[in-house]
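Enquirer: Kindly produce the complete structure, drawing on both the sequences and the hints.
Chain by chain, the residues:
Number of protein chains: 2
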Amino acid sequence: MEIKERDLMGGLAKGLKVIEAFSLEKPRLSISDASAVTGLDRATARRCLLTLSAAGYAAYDGKFFSLTPRVLRLGTGCLATMPLPRIVQPFLDQLSESIDQSSSVSILDETEIVYVARAAQRRVMSISLMPGSRLPAYCTSMGRVLLAALPDNETRRLLEASPRTQRTERTITDISALMAEIVATRERGYASIDQEVELGLRSVAVPLLNSRGRTVAALNVGLAATAEGMETVISRYIPSLLSAREELKGMLP
Amino acid sequence: MEIKERDLMGGLAKGLKVIEAFSLEKPRLSISDASAVTGLDRATARRCLLTLSAAGYAAYDGKFFSLTPRVLRLGTGCLATMPLPRIVQPFLDQLSESIDQSSSVSILDETEIVYVARAAQRRVMSISLMPGSRLPAYCTSMGRVLLAALPDNETRRLLEASPRTQRTERTITDISALMAEIVATRERGYASIDQEVELGLRSVAVPLLNSRGRTVAALNVGLAATAEGMETVISRYIPSLLSAREELKGMLP
Chain Z
1 MEIKERDLMG GLAKGLKVIE AFSLEKPRLS ISDASAVTGL DRATARRCLL
51 TLSAAGYAAY DGKFFSLTPR VLRLGTGCLA TMPLPRIVQP FLDQLSESID
101 QSSSVSILDE TEIVYVARAA QRRVMSISLM PGSRLPAYCT SMGRVLLAAL
151 PDNETRRLLE ASPRTQRTER TITDISALMA EIVATRERGY ASIDQEVELG
201 LRSVAVPLLN SRGRTVAALN VGLAATAEGM ETVISRYIPS LLSAREELKG
251 MLP
Chain G
1 MEIKERDLMG GLAKGLKVIE AFSLEKPRLS ISDASAVTGL DRATARRCLL
51 TLSAAGYAAY DGKFFSLTPR VLRLGTGCLA TMPLPRIVQP FLDQLSESID
101 QSSSVSILDE TEIVYVARAA QRRVMSISLM PGSRLPAYCT SMGRVLLAAL
151 PDNETRRLLE ASPRTQRTER TITDISALMA EIVATRERGY ASIDQEVELG
201 LRSVAVPLLN SRGRTVAALN VGLAATAEGM ETVISRYIPS LLSAREELKG
251 MLP
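Protein chains in written order, with full-length UniProt numbering: chain Z, 1 to 253; chain G, 1 to 253.
Hints should not be assumed to be uniformly reliable.
Note that the list lumps identical chains together, so a pair holds whenever it fits in one copy or between two copies.
[Claimed, not checked] Pairs of lysine-lysine, DSSO-like flavour, derived with a Cα cap of 27 Å:
no.: 1; residue 1: K4; residue 2: K17
no.: 2; residue 1: K63; residue 2: K26
no.: 3; residue 1: K63; residue 2: K4
Since the hints were derived computationally from the structure, they do not count as laboratory data.
Expert: Rendered as structure tokens:
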């Protein structure tokens, strides 16, 4: 179906932009703040915020707007409509317990991975991860696996669109070096990351395929970096990840 | 600020309604489906869905629309803007490990509780719970605690607005009986539920207060129903919940 200009509701797209403008760093926004973050003019930002308030998605204290729990109906409406988290969670719980390490499943949303399920055994990362949490794809093991499933030109487009921050001294940020890593990931069937997201954290990931052989998600194990080499980590955890992947094959939509 | 009709964007409120129309039961909606679930006319539902597609929040296969991972930016934008999950998670992990039972924190959204943090030790419930999951307030221990923090007339309004399903033979559904339970909860400072949500599941909950003494969330322990009486469950877990509550007091916004 061809979408024509008159088929669109401008206010809806703008309002969603305003909801996305709220963040951990900016949980409360004035009308001017919302206008600055979204690029919408002040009058439009104001109408969006007032509409969100009137519909119960935002609260207003006379100066600042903040989002209400009602907004959770939107995003979790999406998680709830995904069979993936419900299917993988029991496998994840079992895997995580058997190897005594944290394990997660994520999907790709443009340049980021989104956690859809997680089984945590101990806290290794400085940030807390939960379903819905996001990390950049270029520097994570699950991101590399998900990028490896795309055609090269699409992978390159996403890498170019990524804010490729040097998160640690080990983070690969050069496009050619990343492309080489991703091609290697595709060939060997798994990705491994040694402290590229944050110091002290290692991770290995494999793709999860549906019955048609399409990569629909990534499964990883994250663990503390110790004195032993990455080879030991890979030989210890990749077999468990691959066997979880085999069990899940054909069950995923 | 008084909100006038001309301050509102009708399309935004309608579009959010359409996003909420997607659910686990109905993850894919045709234009007619969306119109039927939301009560919007067909032309409006169509424009909302096309706008969501054009902005990347929905995918269209020629007949059905489904939500994309981009929608997770909306709801998790909200979870991410809440300091609560990040503050309580470490306490929850510690509590859950020390008592070897699952523990959760939730907040109230109208007639439902919304999980914002969870530490799971073993699977007791038939459904899987994660941050963003919802359960009705009237029949859950955390819901009773959160309803008990409201003025009586507000509690009654929410109970009347709840679809009070007889989930098990033990579920209290009568408004007067529920009001009496909630008043008792307020007086004793905790709520206990014996298999009202589902058979085999018990739960005890306490309110979490901020520095001004306002109830901002509820903390619970959920466990399998065994031969021992609820009194044993209460005397075993309420002290741990109360001491976690004391530790958190003053840290919550």
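Enquirer: Each of the hints needs a verdict: does it hold here or not?
Expert: Consistency of the hints with the structure:
1. K4 with K17: Close inside one copy (21 Å) and across copies (22 Å); limit 27 Å.
2. K63 with K26: Within one copy only: 14 Å inside a chain, 39 Å across chains, cut-off 27 Å.
3. K63 with K4: between (38 Å within a copy, 17 Å between copies)
Violated hints are absent here; each numbered hint is respected by the structure.
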